[in-house]
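Residue numbers (numbering that gives the first Met the number 0), protein chains in the order written: chain A, 0 to 242; chain B, 0 to 235.
If you're looking for bench data, these hints aren't it; they were derived computationally from the structure. Treat the numbers as computed from the prediction; the structure is a model and nothing was measured. For each residue, glycine too, the CB sits at the ideal point set by N, CA and C. Misleading hints may appear alongside valid ones.
[Claimed, not checked] Ranges between beta-carbon positions, derived for each pair: (1) B:Pro111 - A:Asn73: 53 to 63 Å; (2) B:Gly163 - A:Asn73: 40 to 50 Å; (3) A:Gln168 - B:Glu183: 22 to 32 Å; (4) B:Val101 - A:Pro75: 53 to 63 Å; (5) B:Leu187 - A:Gln182: 37 to 47 Å; (6) B:Asp196 - A:Leu69: 44 to 54 Å; (7) B:Pro145 - A:Tyr199: 33 to 43 Å; (8) B:Pro159 - A:Arg53: 55 to 65 Å; (9) B:Asp129 - A:Gln139: 43 to 53 Å; (10) B:Arg6 - A:Gly183: 15 to 25 Å; (11) A:Asp186 - B:Asp196: 39 to 49 Å.
[Stated by the list, open to error] To give an idea of the interface, some chain A residues facing chain B are shown, with a C-beta separation under 8 Å as derived from the structure: (12) Leu174; (13) Val176; (14) Trp224.
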Amino acid sequence: MVSSPDPLQAPTVKAFFDTLTRESYDASILKACPPYGDIMEALMDHIDLPRDARLSILDLGCGTGLLTALMARNFPNATFTVVDMSGEMIAATTDRMAAFPHTVTAIESDIRELRLPENHFDLALAGFSLHHLDDPDKWQTYRSLFGWLKPGGLFRCNDQCLTQPQSLQAHETALWVAMARAQGATDQDLAMWQDHALRYDHYACLADHLRELEAAGFEHVDCYWKQLYWTVFGGQKPENPKP
Amino acid sequence: MNTSASRIVSDFFDRISGDYDASIFRGCPVYEEMLVALLDHLWLDPANEYRILELGCGTGNLTCLLAQTFPNAHLTFVDIAPEMLAIARQKIASLTDRFEAVQSDFNALDLPENTFDLVISSIALHHLDDPDKARLYRNIFRWLKPGGRFRCADQCMILPAGIGAPQLRDRWLSLSREKGANEEEIALWVRHSDESDHYTPIFTHFQWLSEAGFQHIDCYWRKVYWTLYGGEKPAA
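Only chain A is shown next, with the shape it has when bound in the complex (with noise of 0.2 Å):
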């Protein structure tokens, strides 16, 4: 795999992601994502599933396995399947496993080409990675993702979302720009961000992601935490899925 030198040089997500690695986005996270622990904090909250069950993980963009390791370390008897187009985050994820005694199973693929088995997984995740997709492929991964979970099933999503009237959004960057710089962020790092935001990110409103997972037969499907665009939310797949 050859790596672009620059991420603002990258033609793709992909070529993006494949400029990172472990150090750089984790050393990143924090600063771009001040609440990022107050995110993960909400997401445990509303994953009610027994510590100690053998249960299968599903992580759709798993990055550099931040998410991954929150998950392995909350549920030792877990296995876990991480998906990322990204040969260099697959990389990260593999490597930091590597201290975990879980059985991990990496797909290296873009979401939008995943096949996976059906009624397979307790949980679903996707962290920060839906909004690369436009807005007709988040919606059909959500169905995707109703089959490959098993009746019961969790999904759950932590991810930018589009504060409404988009007119407005102006006042939401505002608030975020505050927020980075008071965690450190430079001009270089916020022009970084704001532009791979322009070029990849496809950020849908909450109310569609909720009506859209409503629609592909999700229940419960519910806002557990919010803070300027950075959301929790999903869904269950229910016991008796109608047909």
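Given chain A, work out where chain B should sit, using these hints.
Quick look at chain B alone, frame taken from chain A:
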């Protein structure tokens, strides 16, 4: 967050801390942060002469913040409890004379159509049952001017766990204990929330707002039960 809203809120609470109604900080341990988020998501010009309606003013904490944020606004504030309304009126009178205090049940409230630029509410609507909430949204829509905004900060249901789920109740009460809550008041709050509140999931609020005619419906902030949401009446 270093915003003008956070300064207004923190200055205000510096003054009322020690007050008898300061127990709200312990019962709702994210109260201050929620009000900052509320003021941060109004997106209105502080200089304008808005007509603002507040539903469920209680002792007037949010009412005073609105008077400080919008010095030229006219405030109509409503509460069912005469004692609460008297305290709110007394507090607000030191900040502005452009206000009207209305003692009423939300169900009986009758206000002129196309009147308000902003309808706002904090920790009040969960006292209404579901049909009354949906009806109130239709009324709020009528009372708003075209282009007017509705913002509500309140407790919402959490699915599928429910408000009594141990991990969420633990999260709430550990935050409250950090703010100095004692076990006696904690027992009181837990009983109150079990007995008298009607929590609704955020997605159901979205559906009722949409049915009432609102657009740009969103949730702007949420921690545990406390949720900030709203929408806009379409411009004419």
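Against the structure, the hints come out as follows:
The hinted window of 53 to 63 Å between Pro111 (chain B) and Asn73 (chain A) holds, with their beta carbons roughly 54 Å apart. The hinted range of 40 to 50 Å is not satisfied by Gly163 (chain B) and Asn73 (chain A), whose Cβ atoms lie roughly 22 Å apart. The hint said 22 to 32 Å for the Cβ distance between Gln168 (chain A) and Glu183 (chain B), and at roughly 46 Å that hint is violated. Between Val101 (chain B) and Pro75 (chain A) the beta carbon distance is about 58 Å. The supplied range of 53 to 63 Å therefore holds.
Hint check: Leu187 (chain B) to Gln182 (chain A), Cβ distance near 38 Å, so the stated range 37 to 47 Å holds. In this structure, Asp196 (chain B) and Leu69 (chain A) break the distance hint of 44 to 54 Å, their C-beta atoms being roughly 32 Å apart. The given range of 33 to 43 Å is respected by Pro145 (chain B) and Tyr199 (chain A), whose C-beta atoms sit roughly 37 Å from each other. Checked against the hint of 55 to 65 Å, the C-beta distance between Pro159 (chain B) and Arg53 (chain A) comes to roughly 22 Å, which is inconsistent with it.
Under the hint 43 to 53 Å, the C-beta atoms of Asp129 (chain B) and Gln139 (chain A), about 33 Å apart, miss the expected range. At about 22 Å, the beta-carbon gap between Arg6 (chain B) and Gly183 (chain A) stays in the expected band of 15 to 25 Å. At about 47 Å, the beta-carbon gap between Asp186 (chain A) and Asp196 (chain B) stays in the expected band of 39 to 49 Å. For the restraint placing Leu174 (chain A) at the interface with chain B, the shortest Cβ-Cβ distance is roughly 6 Å, inside the 8 Å limit, so the hint holds.
Annotation: interface hint on Val176 (chain A) violated; nearest CB of chain B at approximately 11 Å, more than 8 Å. Because the smallest distance between the Cβ of Trp224 (chain A) and any Cβ of chain B comes to about 5 Å, under 8 Å, the interface hint for this residue holds.
The structure does not agree with the numbered hints 2, 3, 6, 8, 9, 13 stated previously, though it agrees with the rest.
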